[in-house]
Amino acid sequence: MAVTSNWCRCTSCHAGYGWKDRHFDFAPEKIDCLVCHDTTGTYKKFPTDCGYPPLKDKLFAGKKLFKAVNLSYVAQHVGRTSRESCGKCHFYSGGGDGVKRGDLDSTLRAPSRELDVHMDAEGLNFTCATCHTTVAHEIDGRHYDTPAPGARRFALPKDDGHRVRCESCHGRRPHRAEKKLISLKHLKLNDHTDRLACQTCHIPFYGRGLPTNIYWDWSTAGRFKNGKPIVEKGPLGRPIYHTKKGTLKWGKNLVPEYHWYNGTMRYLLAGEPLRLNAKGQVLLIAPAGEPDDPQSRIFPFKPHYGRQPFDPVKRTMVIPKLFGNKGSGAFWTEYDWQKAVTAGMTEAGLPFSGKVAFIETVHYIPLSHMIPPKEKALKCAECHVRQGGRMEKITGIYIPGRDSFLWVDRIGIFICVLTLFLVTVHGLFRMVMSLKRR
Amino acid sequence: MKEKIFLYPRFERFWHWTQAFLIVLLLLSGFEIHGSLRIWGFEKAYYLHVYCAAGLLILTAFSIFWHLTTGSWRHYWPVKEKIPQICYYYAVGIFRREAHPFEKRPDQKLNPLQRIVYLFLKIFLYPLQFVTGGMLFLYKWWPKLGIKATFSGTVYWHLLGAYAFLLFFILHIYLTTTTRPWYNHIRAMVLGWEEVEVR
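Protein chains in written order, with the numbering used here: chain A, 1 to 438; chain B, 1 to 199.
The shape of chain B in the complex, shown without the other chains (with noise of 0.2 Å):
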């Protein structure tokens, strides 16, 4: 039997599909910056990349302000069950249509594994992100800003973040369509409504 349950209010989608769109375009535009794609040329994937990290600059901000006013942020507390079976899962139960070990249900959202990985991904590769960016930015200000690095290594950082958000990318995407029908994660986070099957 399915059942349809409430799990995304209306700033959580509009954040996710927000950034996700912004991610998108820091990706596409910032690869073009280090010379690897060609699409709007340097100079506007330039001004792309600073205005687009701007907007998810403020987004992230309010969004941590939600997370906390919320208590949201529960939702990444990273737990131990049920890891390795989810690994199984992925591995040969989902070939064989068994049911996904994790249950979702609106006050436990995110599965032990995504947490680890979101966790990480707010923890550290934002961060990194956002900290390695907002240096090359202000490069010329280092100075009386009392910063001690070189530029050719904070693109180095900075590089090695993108290429982790590209494979988070990948991975991510692949992932939301491992349901029944694939579109289901997809469809729960446009409309904020997913159906469930009830145990």
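The shape of chain A in the complex, shown without the other chains (with noise of 0.2 Å):
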């Protein structure tokens, strides 16, 4: 799935309004300053209209009324920007509150401490922008292959303008105890961080606030029930099938997947040749590091996995034209993927063979928000452990607990063992010996 030929419903949070094709220039004046610096609640934009808000009360799929905005009464309440202007589009992405991320939904508005320490609404009261400092407007965080800055111990702000990171705040050992003047288990703990990033033991398991989607199937999509489109709600109050996204799975408070991760991610471009995991899914986003990489650290994923579209003549990923007009092939108007590809890759301008398949797919989104309490961290044994543990996957690295060597404990075990039994013989002998003698 991709922005191109959807301009129009995609760009309601994807840069920009007045976007509707590919010919748009980004100047200054065309980004909309309001999504973020309205104060007042009332600018929303109409999700399908190219990114304008709405200017005259409007009906969106014939059920929620979009009010018009008042833009003159927004403008005179311009401010600092809070939660809830980021999270109007970063809570819904993926199509949904908490579709998408796991780590980002509406529950952030007011989060309680349990739900996320820094935003906790009672105590610190965090705004995004509280970690996602901004210099002249480039908001810090990873964009896309740069990784987020943080080589240095400390990263101030006057020499290093991006510093989105844990460390930024807290520093590289930030474990220390309370009353004792040393306490191994806050000193091993800091000895952890050059390997493992803070989110690993922090965010022991994310889909905290609402549900978050972890399979999307979009190869079912399109049925109809006497001509009725479906949507059918799962136990999370989720749909687990809708006629226009297909088969969906949802879940909560899961068990992130760890992988080594150098900041950036790894991202399969249209028209590229499909990258493949081990169990055969195209790896869409992946993280990108290797353990042997000082900068690497093993960080917690999301994996989200789906069925998508592709051409597997050309084994290529295709972008299908999801939202249009009746006639313009879309997917959501016509239900045919063969028209809805056909005119999607016409739009990028990318080779088509004309055949649609679909194939298992993998994208894994770094979890870095919802941070409990420091009491909910990993405990020490959840990673040290032969079998089962959270480090169990990982590779390139000797965990004790987990890693052992085999010989060395086959040998030895059986030596002493063996002399275990030796002497156990010898001194049965002499205990036989010597009640003949008597």
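Heads up, some of the hints might be wrong.
[What the hints assert, rightly or not] Derived DSS-like pairs: lysine-lysine, alpha-carbon spacing no greater than 25 Å straight-line:
| no. | chain 1 | residue 1 | chain 2 | residue 2 |
| --- | --- | --- | --- | --- |
| 1 | A | K185 | B | K44 |
| 2 | A | K376 | A | K179 |
| 3 | B | K140 | A | K185 |
| 4 | A | K379 | B | K44 |
| 5 | A | K185 | B | K144 |
| 6 | A | K279 | A | K376 |
| 7 | B | K104 | B | K2 |
| 8 | B | K140 | A | K379 |
| 9 | A | K339 | A | K314 |
| 10 | A | K374 | B | K140 |
| 11 | A | K376 | B | K44 |
| 12 | A | K374 | A | K355 |
| 13 | A | K180 | B | K44 |
| 14 | A | K188 | B | K148 |
| 15 | A | K436 | B | K2 |
| 16 | B | K140 | A | K188 |
| 17 | A | K252 | A | K228 |
| 18 | A | K379 | A | K279 |
| 19 | A | K179 | A | K374 |
| 20 | B | K44 | A | K188 |
| 21 | B | K140 | A | K393 |
| 22 | A | K374 | B | K44 |
| 23 | B | K44 | B | K80 |
| 24 | B | K140 | A | K180 |
| 25 | B | K44 | A | K179 |
| 26 | A | K188 | B | K104 |
| 27 | B | K82 | B | K4 |
[Unchecked claim] Looking from chain B toward chain A, a few residues come up when the C-beta cut is under 10 Å (computed):
| no. | residue |
| --- | --- |
| 28 | I39 |
| 29 | E43 |
| 30 | T150 |
| 31 | W182 |
It is worth saying that the hints were derived from the structure and are not from the lab.
Just so you know, these numbers come straight off a predicted model, no measurement behind them.
Glycine residues also receive a C-beta, built at the ideal position from the N, C-alpha and C atoms.
Put the two chains together into one complex, using the hints given.
Below, the structure written as structure tokens:
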């Protein structure tokens, strides 16, 4: 799925307004300031109007009323960004509340301490921008393949404008005992931070706010019941089948997957040959990083699995047109993958063989939010355990308790058991001999 | 005829039993950290291991001082005599109630075989465990200390050392019982006095 050919729907969040096709110039006057700087909460965009807010009252999908925005009222109430301002887009990425990320959803508007120690409405009450500081409107964070900085021990804003990393505020050795002079526990916790990201221990579960989508099978989309679209709700109150979207699976309080991560993601771009993982899934967006790279850390991810259309002849992923008028080929009006992909690929200007099939995919989402209080951090034994631990699949590193030297153990145990046996026999023989003598 | 002789002064007995206690705890907690046992859980086992190791290090420092100042280090000086006889004794003689070829005296407490084994323990195994263990503990400071090694390689040697200690432990415990009555050596290490045959 991509933004190309779905401009008007997707650009209600993806940069800009008045963005109708590929030929948009990203001039500053076309960047909508109010999405972020509105404090009135009345500035809402109409979902399908190419990023323009409604200037008249309008109905979306015949149901939801979008009130006309009083632009002069909003303009008189611009202010600092809030969690709400960023959340308007970020809580809803993937098509609904909490769907895509599993660590950002609308429960972060006023979270409890339990959910997020930093954004805790009654405590620290951070906004997104407290961590995601801006320098001339470059919001800090990972920008595609540029890692968030943090090589320095302290990244002060003056020498390092981009500073979103836990270490920026907490430093590299953040753990210290409150009362004791030295504490072995805190000493050793600090010793982990060169190989483990803070998030690994401090985000033991994701999807702690709302259910998040974990599997999305597009291949089943387009079924109707008596000519009517189907929406079937599952136990978590989320659709498990949706005519427009296909089959969906949801989860709450899930255990992340761990990977080496140097702060950059590898993207599979449209038209690129497929990269498969060991399970035969196409890696759409996957973390880059190596155990022997000192910049890489073990990092928690939400894997987002799916089945998506691809071109079985050219073996590339395809871009279907989802949103559009009748006759445009758009999937959500005509429910024909063939047409939707042909239309999408033509608009994107990419080669397409004319055949559509479906393939399992995976997309990794790095987790950095919803940090629970420190007591909830992972315990030592959840990683340092022979089997079934959190670090089970991590390669390239020796982890005490998980790893061993099989042959040293075997030979060592063999020799010790043999010795034990021999001395027992020796002892028994001594006993027998002394009994005989009596 | 039997005679009581005083073999082990107070510090030596204290040293021996504290050391024995610490080594047992180190073996148990060490093998728990390694993943072979389950007693306290990884976290507590790790702290216990570090504390016991620190304790043993301090104790060893004191005992080195004690051995040097009292001259007791001489007991570990290796000698060649009687080694074949002692081997023969444990293989055959002991079953025939023959006398131990070695005569225990306050000025020669350890038989030649013990001398070799304890010397090996002191100049090889102890340093091996202390050095590799210390390295593992200070793993994150290697770059600053200029140590070039791999973590897993260090674990490997530390693990070999641990099995060697376990082997020593099994043999040592058994050999303490090879007197008459069987608890004679153990009692001596508790009270300081041992009953020996007068020849």
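We went through each hint and held it up to the structure:
no., hint, result
1, K185(A) with K44(B), "holds, 10 Å"
2, K376(A) with K179(A), "holds, 20 Å"
3, K140(B) with K185(A), "holds, 15 Å"
4, K379(A) with K44(B), "holds, 11 Å"
5, K185(A) with K144(B), "holds, 22 Å"
6, K279(A) with K376(A), "violated, 32 Å"
7, K104(B) with K2(B), "holds, 13 Å"
8, K140(B) with K379(A), "holds, 20 Å"
9, K339(A) with K314(A), "holds, 17 Å"
10, K374(A) with K140(B), "holds, 23 Å"
11, K376(A) with K44(B), "holds, 18 Å"
12, K374(A) with K355(A), "violated, 52 Å"
13, K180(A) with K44(B), "holds, 17 Å"
14, K188(A) with K148(B), "holds, 21 Å"
15, K436(A) with K2(B), "holds, 24 Å"
16, K140(B) with K188(A), "holds, 9 Å"
17, K252(A) with K228(A), "violated, 30 Å"
18, K379(A) with K279(A), "violated, 30 Å"
19, K179(A) with K374(A), "holds, 16 Å"
20, K44(B) with K188(A), "holds, 13 Å"
21, K140(B) with K393(A), "holds, 23 Å"
22, K374(A) with K44(B), "holds, 19 Å"
23, K44(B) with K80(B), "violated, 45 Å"
24, K140(B) with K180(A), "holds, 22 Å"
25, K44(B) with K179(A), "holds, 20 Å"
26, K188(A) with K104(B), "violated, 48 Å"
27, K82(B) with K4(B), "holds, 24 Å"
28, I39, "violated, 12 Å"
29, E43, "holds, 4 Å"
30, T150, "holds, 8 Å"
31, W182, "holds, 9 Å"
This entry does not satisfy hints 6, 12, 17, 18, 23, 26 and 28, going by the numbered hints stated previously.
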